[in-house]
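Number of protein chains: 2
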Amino acid sequence: MVVAHTRVQAIYRVRCDARAIEARARAIAVEQSVEMPVAAITDDFVRDEIVGRVEAIAEKQPGLFEVRIGLAAETVADDAGQLINMLFGNTSLHEDVMLYDVELPTELGQSFGGPRHGVHGLRRRAGAPARPLTCSALKPQGLPPKALAELAEHFAQGGIDYIKDDHGLADQAYSPFAARVDAVTTALRRVAPAGAGAPRYMPGLSGDLDNMRRQIAIAAQAGVDTVIVAPMVVGLANFHRLVHWQAFPRARRRWRRVPQLWRALRLFPRYLS
Amino acid sequence: MVVAHTRVQAIYRVRCDARAIEARARAIAVEQSVEMPVAAITDDFVRDEIVGRVEAIAEKQPGLFEVRIGLAAETVADDAGQLINMLFGNTSLHEDVMLYDVELPTELGQSFGGPRHGVHGLRRRAGAPARPLTCSALKPQGLPPKALAELAEHFAQGGIDYIKDDHGLADQAYSPFAARVDAVTTALRRVAPAGAGAPRYMPGLSGDLDNMRRQIAIAAQAGVDTVIVAPMVVGLANFHRLVHWQAFPRARRRWRRVPQLWRALRLFPRYLS
Numbered sequence: 369m370v371v372a373h374t375r376v377q378a379i380y381r382v383r384c385d386a387r388a389i390e391a392r393a394r395a396i397a398v399e400q401s402v403e404m405p406v407a408a409i410t411d412d413f414v415r416d417e418i419v420g421r422v423e424a425i426a427e428k429q430p431g432l433f434e435v436r437i438g439l440a441a442e443t444v445a446d447d448a449g450q451l452i453n454m455l456f457g458n459t460s461l462h463e464d465v466m467l468y469d470v471e472l473p474t475e476l477g478q479s480f481g482g483p484r485h486g487v488h489g490l491r492r493r494a495g496a497p498a499r500p501l502t503c504s505a506l507k508p509q510g511l512p513p514k515a516l517a518e519l520a521e522h523f524a525q526g527g528i529d530y531i532k533d534d535h536g537l538a539d540q541a542y543s544p545f546a547a548r549v550d551a552v553t554t555a556l557r558r559v560a561p562a563g564a565g566a567p568r569y570m571p572g573l574s575g576d577l578d579n580m581r582r583q584i585a586i587a588a589q590a591g592v593d594t595v596i597v598a599p600m601v602v603g604l605a606n607f608h609r610l611v612h613w614q615a616f617p618r619a620r621r622r623w624r625r626v627p628q629l630w631r632a633l634r635l636f637p638r639y640l641s
Numbered sequence: 369m370v371v372a373h374t375r376v377q378a379i380y381r382v383r384c385d386a387r388a389i390e391a392r393a394r395a396i397a398v399e400q401s402v403e404m405p406v407a408a409i410t411d412d413f414v415r416d417e418i419v420g421r422v423e424a425i426a427e428k429q430p431g432l433f434e435v436r437i438g439l440a441a442e443t444v445a446d447d448a449g450q451l452i453n454m455l456f457g458n459t460s461l462h463e464d465v466m467l468y469d470v471e472l473p474t475e476l477g478q479s480f481g482g483p484r485h486g487v488h489g490l491r492r493r494a495g496a497p498a499r500p501l502t503c504s505a506l507k508p509q510g511l512p513p514k515a516l517a518e519l520a521e522h523f524a525q526g527g528i529d530y531i532k533d534d535h536g537l538a539d540q541a542y543s544p545f546a547a548r549v550d551a552v553t554t555a556l557r558r559v560a561p562a563g564a565g566a567p568r569y570m571p572g573l574s575g576d577l578d579n580m581r582r583q584i585a586i587a588a589q590a591g592v593d594t595v596i597v598a599p600m601v602v603g604l605a606n607f608h609r610l611v612h613w614q615a616f617p618r619a620r621r622r623w624r625r626v627p628q629l630w631r632a633l634r635l636f637p638r639y640l641s
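Sequence order for the protein chains is A and B. In this text, residue positions in the first sequence follow this note's numbering: the first is 369, and each later residue adds one. In this text, residue positions in the second sequence follow this note's numbering: the first is 369, and each later residue adds one.
Since the hints were derived computationally from the structure, they do not count as laboratory data. Please note that a few of the clues may not be correct.
One copy or two, either will do: identical chains are not told apart, so a pair holds if it fits within one copy or between any two.
What the hints assert, rightly or not - In the DMTMM-like style, the derived pairs of lysine to aspartate or glutamate whose C-alpha atoms are separated by at most 25 angstroms in a straight line are:
1. 514 - 550
2. 428 - 390
3. 428 - 403
4. 428 - 593
5. 514 - 412
6. 428 - 416
7. 428 - 464
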């Protein structure tokens, strides 16, 4: 959520004895920002701005508290990876703390940008302004490109709008990315010519940033305009770089995120949507 | 650990009723590999090789089982990010399962490589073959490069071998990476000339792969030969790419990992070391 705070609001759920929660919250605020005894900090800017602040403590259940920590936006430096670094920090090592929610200052939220197309873009592209969108996954991994392409063709004939790689598909020898994109897009063109309302293949990107750029080039060349990626696996900063990458003039690409790793990070499930 | 298995051994700890553990283990094996009912798979290669196998189940405590799943090495495609994708998969969404350990087939382990220098390299560089190595962190974040450089100089005068950026330091406006590297390396050269036995600054890389390459270039230019990075934040495949990046002939760089995010992933703590 993007809100009118000047500081990043990191909201943790903390299992703690009621008598100890104020001290525990202060310890979290320090650990997630300067990571040292505040008494040893002599610099006024650091003490006044960079040290995390306990903004609120609320008891949600006996022994379970919601602790709101304000972190200086400057610590994030407009870097999505660094945002994750600040939010999780050393507290991710502590069993009693879970990151429950985050609120970003407006300016920081704008620096990251949001969805460029969103569900409305997906609806427009599918020629489906109001009805439910349909989506299915190509699986199981291990099949060769030809078999996955046949499956995609059946999906398209059955009216599926978006056909995605299952999350396990990467650049494996049994169905290399380039061969898969070629086979599936060729099969889909047998069902309907490219354009608004045509069923779309969403291949999954994998590997490092260089690999993913090559995969986008291959996909764009084959007429693909929508891809999926697991931001937590590839690194949020790399995901951000790709979204804002303008090397391809036709690259009005849509992005769909897949949830792998998110829940493992003790994030509240709303971030899965 | 690298062992003489032909399949990746993913070892999960599962909270489960004893009567249900066999079915639960089979469900995990399927979910972490093909993600669909095995009965619907007609391809022999997929059924024989790609479907995960339950290799062992052992009760560790009443209601807590260790389940060893064998995953086909082909699914990983020599991609460190894809390895994480396979190991965590959809099971990372399930509260009753924790990834406890991993054993890689020898060949896959070799494809990733291991530490290029290890602690012996760090010892040699510090001129300290036997005594304990010393390391400290520049902090708090928020200080300007000059103040961090003064701190580094004091550390070096006090005999610290390795002086690292605290994990919160990235490329923030209050101490940009380039200015910090310049200030700290200049300060350390006042204490001792570069070379074996000289105290070393280990700046922390951040941002996307392009950013990190630029940071390495800046660091190498300033005579730095050791850097730190948080592989789970920058993405394991990008980390792997950097380690094997040969663009700088002098780049016999050492790498130190920092643990941020690892514990959040429900990994057993041994991976923090």
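To see whether the hints hold, each was checked on the structure:
no.: 1; hint: 514 - 550; result: within (10 angstroms within a copy, 55 angstroms between copies)
no.: 2; hint: 428 - 390; result: within (15 angstroms within a copy, 37 angstroms between copies)
no.: 3; hint: 428 - 403; result: neither (27 angstroms within a copy, 37 angstroms between copies)
no.: 4; hint: 428 - 593; result: neither (45 angstroms within a copy, 49 angstroms between copies)
no.: 5; hint: 514 - 412; result: between (65 angstroms within a copy, 15 angstroms between copies)
no.: 6; hint: 428 - 416; result: neither (30 angstroms within a copy, 50 angstroms between copies)
no.: 7; hint: 428 - 464; result: both (15 angstroms within a copy, 24 angstroms between copies)
Of the numbered hints listed earlier, those contradicted by the structure are 3, 4, 6.
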